[in-house]
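With these hints in hand, go ahead and build the complete structure from the sequences.
2 protein chains.
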Amino acid sequence: MRPAILGIAGDSAAGKTTFTDGLLQILGHGRVGQLCTDDYHRYDRVRRRELDITPLHAECNHMDILAQHLRLLAAGEPLLKPVYDHRNGTFAAPEYLAPRQFMVVEGLLSLTTRAMRNCFAVTVYLDPAEELRRVWKVRRDCAARGYTPEEVVAELKRREPDSAAFVRPQRDTADIVVRFQPVEGSVDDSRLALSMVLRPTISHRALTELVDKAAADGCGSVRLRLGRDAGHPVDLFDVDRDISREETRHLESLLWDRMDFDHHVQRRTIGMFLEGNRRRHSDPLAIGQLFIAYHLLTAAASTDR
Amino acid sequence: MRPAILGIAGDSAAGKTTFTDGLLQILGHGRVGQLCTDDYHRYDRVRRRELDITPLHAECNHMDILAQHLRLLAAGEPLLKPVYDHRNGTFAAPEYLAPRQFMVVEGLLSLTTRAMRNCFAVTVYLDPAEELRRVWKVRRDCAARGYTPEEVVAELKRREPDSAAFVRPQRDTADIVVRFQPVEGSVDDSRLALSMVLRPTISHRALTELVDKAAADGCGSVRLRLGRDAGHPVDLFDVDRDISREETRHLESLLWDRMDFDHHVQRRTIGMFLEGNRRRHSDPLAIGQLFIAYHLLTAAASTDR
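Note that the protein sequences, when read in sequence, are chains G and X.
Using the UniProt record's numbering, read the first sequence as starting at 1 and increasing by one per residue.
Using the UniProt record's numbering, read the second sequence as starting at 1 and increasing by one per residue.
Since the hints were derived computationally from the structure, they do not count as laboratory data.
Be careful, since some hints might not be right.
Identical chains blur together in the list; that is why a pair holds if it fits in one copy or across any two.
[Unchecked claim] Taking lysine to any residue pairs in the SDA-like style, the calculated list, with each CA pair at most 25 Å apart, reads:
id	residue 1	residue 2
1	Lys-157	Arg-49
2	Lys-157	Arg-42
3	Lys-213	Phe-91
4	Lys-213	Gln-34
5	Lys-157	Ala-58
6	Lys-213	Thr-113
7	Lys-81	Ala-154
8	Lys-213	Ala-299
9	Lys-157	Ala-299
10	Lys-213	Arg-245
11	Lys-213	Arg-225
12	Lys-157	Arg-145
Structure representation (structure tokens):
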């Protein structure tokens, strides 16, 4: 069985894990396998400090092995994958990973080469507003990885050249770019606008028709327009930060209906995120997750694979 | 570059490491990569005890991943290979292994399936007399792996069914079976007779002609005869335990000459083994190592790969 693989790339703390969690809810945990490309770091934390290299640098990762493993996974083969432990910055015993119907591969550099991108059914780049990502990174690294805020800010500065050189170029290769944007001067994660770039590298027609229908039904908080991104024609899809619960429910319902062809999909509460220990909800996040899930389900059901 | 891969199988303490060391001397360390299939254990030592499973059982090893890695290696691809640490019975961080011109893959179960055997240019099964292997195992496991003699003897008994079920069947698949045999009641490792089964799964003609020549030159301690093994026709090659230094030198010289086509090969002291901390020498071991090295060099130079 060859899995349908979603590739998610984005900078550190761009929301990859949060976004993935909702996808797992939609697809059903038992049907989805996960792979985080951080496991393919070449050096542990101590060695990275000695070499003064950041984990964003391609040289700091076993890119050839990652590409090899993606190729094997796309062919339906199991992996013995390395395990990097973020809590202490070292490598643990490798883990056996059997392919499942769906795989979500997420990481800093998951879309780097064409050979890697060819393994994915759908590719996504998470591109939150930079001020938002900085807040998320300080929050996460201090809570879960034992850093102080000053250390995280210094690390962000140190990583900036590698982010520009290795991470951000992936944005222009993704089928879908997902951007969350706060109100100026505020970073309430439940009130973020969503902007998606839908590149015609895959067909978004079913979704664009659906958004047109929602707009015709009176959902004024979602908009679709033709535009350009990096000079190329794209669909641009926007969700207002103050979209009403009713509008969200209507759009979600249209999306869930579209996914009815897969009888394993059950309507679940998605769009959840953690703020400290608090579980909160974001309507635009839920809509973004449903969009991506639709694409992955469609790709898995397609005979053109 | 696709490496020429030698597969060595044999039971625990059958002499795999000692035999391999001489091959590395002959081929040149810089040109040879090594892979030990013990690294593909599925469980660490503690977990094996809990499950009451021995490392000889196929279920105790990631056989599918091992086969996958052999296939990748044979195709010239690098590996990120697991690392099992015999000193403490746990897994360490994986290691990057780039293919070299020659690879030596040795382990308990390296010749288990046809798919695995197809990856090798030459396959060898080490089949020392059982009383010899028991002495070797007690010596090695007590010195290097922290066991008591009683524990090793108990472990040998516990492993016997899995040895019969999973290890020994490989003997009948190998291109070459190497057997060292002591004088009855003595286990002086420098005075062991060597018997090799040469299966016509690869061509031994150049070597059998060479042995005929040595015999014609007056080397009475080496003999070649036609025979059967498991019902199939084979060449049987014997080296007496009391072969003289002069006979050994003559035979070695004929073998080194045969390998002159590879200008990297330098005549070195081989046939060395460790007894405790003492380095000792065995003429039959040196002859066996040269035989196998000849085959690997020839396979690497062949266009029929």
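Here is how each hint holds up against the structure:
In this assembly of identical chains, the alpha carbons of Lys-157 and Arg-49 lie at most 25 Å apart only when taken from the same copy (15 Å versus 49 Å across copies). Taking identical chains as interchangeable, the C-alpha atoms of Lys-157 and Arg-42 lie at most 25 Å apart only when both belong to the same chain, with a minimum of 22 Å there against 42 Å between chains. Proximity of Lys-213 to Phe-91 under the C-alpha cut-off of 25 Å is found in neither arrangement, the shortest distances being 50 Å within a copy and 56 Å between copies. For a Cα distance limit of 25 Å, the shortest separation of Lys-213 from Gln-34 qualifies neither inside one copy, at 34 Å, nor across copies, at 62 Å.
Within a single copy, Lys-157 and Ala-58 get their C-alpha atoms as close as 18 Å, which meets the 25 Å cut-off; across copies the closest is 50 Å, which misses it. For a Cα distance limit of 25 Å, the shortest separation of Lys-213 from Thr-113 qualifies neither inside one copy, at 37 Å, nor across copies, at 58 Å. Taking the shortest Cα distances, Lys-81 and Ala-154 never come within 25 Å of each other, neither inside one copy (31 Å) nor across copies (35 Å). Taking the shortest Cα distances, Lys-213 and Ala-299 sit within 25 Å of each other inside one copy (23 Å), while across copies they are farther apart (67 Å).
Proximity of Lys-157 and Ala-299 under a CA criterion of 25 Å is satisfied in neither setting, with 39 Å inside one chain copy and 54 Å between copies. Only within a single protomer do Lys-213 and Arg-245 lie at most 25 Å apart by alpha-carbon distance; the minimum there is 18 Å, versus 93 Å between protomers. In this assembly of identical chains, Lys-213 and Arg-225 lie within 25 Å of each other by CA distance solely inside one copy; the values are 14 Å within and 86 Å between copies. Proximity of Lys-157 and Arg-145 under a CA criterion of 25 Å is satisfied intra-copy only: 18 Å inside one chain copy versus 48 Å between copies.
Going down the numbered hints, you'll see the structure goes against 3, 4, 6, 7, 9, while the others check out.
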